[in-house]
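Enquirer: Listed below are the residues making up each chain.
Protein chains: 2
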Amino acid sequence: MNEFVKSFVPGGPVMSPDELETAIRAVGAERYHDKHEFHKLLHGGKLNKGQVSAWALNRYVYQEAIPRKDAAFMSRVHDRELRREWIHRIHDHDGKVPLEEEGGLERWLILTDGLGLDRDYVTSMEGALPATRYACEAYVYFVREQPLVVAAASSLTELFAPSIHRERIAGMLERYDFINDPEMEYGKRRLNQAPRDATFALEFVKKYAKSRYIQEACVNAVRFKCNVLWAQLDALHLAYVHGMIPPGAYRPEEV
Amino acid sequence: MNEFVKSFVPGGPVMSPDELETAIRAVGAERYHDKHEFHKLLHGGKLNKGQVSAWALNRYVYQEAIPRKDAAFMSRVHDRELRREWIHRIHDHDGKVPLEEEGGLERWLILTDGLGLDRDYVTSMEGALPATRYACEAYVYFVREQPLVVAAASSLTELFAPSIHRERIAGMLERYDFINDPEMEYGKRRLNQAPRDATFALEFVKKYAKSRYIQEACVNAVRFKCNVLWAQLDALHLAYVHGMIPPGAYRPEEV
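Taken in order, these protein sequences are the chains called Z and Y.
Going by my numbering, the first residue of the first sequence is number 44, and it counts up by one from there.
Going by my numbering, the first residue of the second sequence is number 44, and it counts up by one from there.
For the record, the hints were derived by calculation from the structure and aren't laboratory data.
Among the clues, some could well be false.
What the hints assert, rightly or not - Mimicking DSS-like on lysine-lysine, the simulated pairs with C-alpha atoms at most 30 angstroms apart in a straight line are:
#1 Y:Lys231 x Z:Lys139
#2 Y:Lys231 x Y:Lys78
#3 Y:Lys78 x Z:Lys139
#4 Z:Lys139 x Y:Lys139
Excised from the complex, chain Z in its bound form:
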């Protein structure tokens, strides 16, 4: 365990903004989902097409929750400037009408299309693992209910996202012949979007998390969010690596 994390004992002194940032970044080293076994199999080219499809189809549930959690956040913000800043996240995922930009969800569906999954089946989320849905919905509820600065902190896994996207794009294109360039467009776009969002949210958290109590809650929010991501890979691993697919969930051989 990182030395700083070890020293991060509840009830300690108020952290400086930079110490808070260090504590938040340490959570990534501790438990970001790039350390999960399923992630290693996925990026290392060790999965078959059905397993990659299961991942993409379940991950759609997470993608679909993101604009809703951002709207839930905005529904609690009284500061117009902050809402005006935050709203681009919804557009980033949903796109805009008239379509200046298709949006992240559309790009994710291009990946599931490429894997041969039916769009209506994917967007219905019927084949997704129940554990995936609970984890994603827990994120929406967390953002709706926690103090605003803590809710904002839960988005800070974006600090760790660019490296995973970079690795995923390279690894999957190289190692899976059923994955091509257009299907990796989602990750490529996030390489620019995630750092912008993470920088803004990190500054917000550093500015407003002033008491030790709230600072700890912010660090724990990043842990919570890492757990949301980790739980999704756990569920995928049991179902599609160990083969314990629950009733009603996507079965690769049947689609």
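Given the structure of chain Z, go ahead and fit chain Y onto it with the hints provided.
Expert: Same frame as chain Z, now just chain Y:
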């Protein structure tokens, strides 16, 4: 009472979409806030500048709740197309960065500026009546918690809004020498925005409110929303016509 409303007994047969529209429109005739005594005083030029200021300052609380209730609505919508349609409502109120459009809240603040109210005082909402804040927050919670079609129905007071804006603009410009053209910009813009939004929401409600139970809930949602508006004028009337201003609320002579 309108004949149709009289015949609208709970537990009757499923309404056709047009019957549902008639029932919804009848709510406006029954209890839209253009029938409130305070409204008549306001539009009839019977209030002094302090009373108009109290109205504008309290009404800011309502304006401020609108983009949050729209975000609350979006946080519950799984249909990307619907979110993409709905999001313009937030932009209509908040404006956009970079500023292509200042937005409705800014236009409302131009009115309160014109009345000589301090912007920080207005946006802090400290001088607003507690009853105003409860009513506006009840609207946000209603939209967050009710079935989606019922939540959408609660926006349908917009069907009745253009006539009130038209009357307000003409009446207030003519009858108050402390109100000028720029201050009425909010209402002028809503003359175009409200019908667009109302048409979309009405079609949505007519399409998805299929059972009698949900249809009644939709009609009651419009009643609920009318009550939210009415309760605000009740609170203003007691405080600023009868002079029973609660502790901490805006007192015209002191600002």
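Enquirer: With reference to the structure, classify each hint as holding or not holding.
Expert: We went through each hint and held it up to the structure:
1. Y:Lys231 x Z:Lys139: holds (26 angstroms)
2. Y:Lys231 x Y:Lys78: This hinted pair holds, its Cα atoms lying about 21 angstroms apart.
3. Y:Lys78 x Z:Lys139: Violated - the C-alpha atoms of Z:Lys139 and Y:Lys78 are around 39 angstroms apart, more than 30 angstroms.
4. Z:Lys139 x Y:Lys139: holds (14 angstroms)
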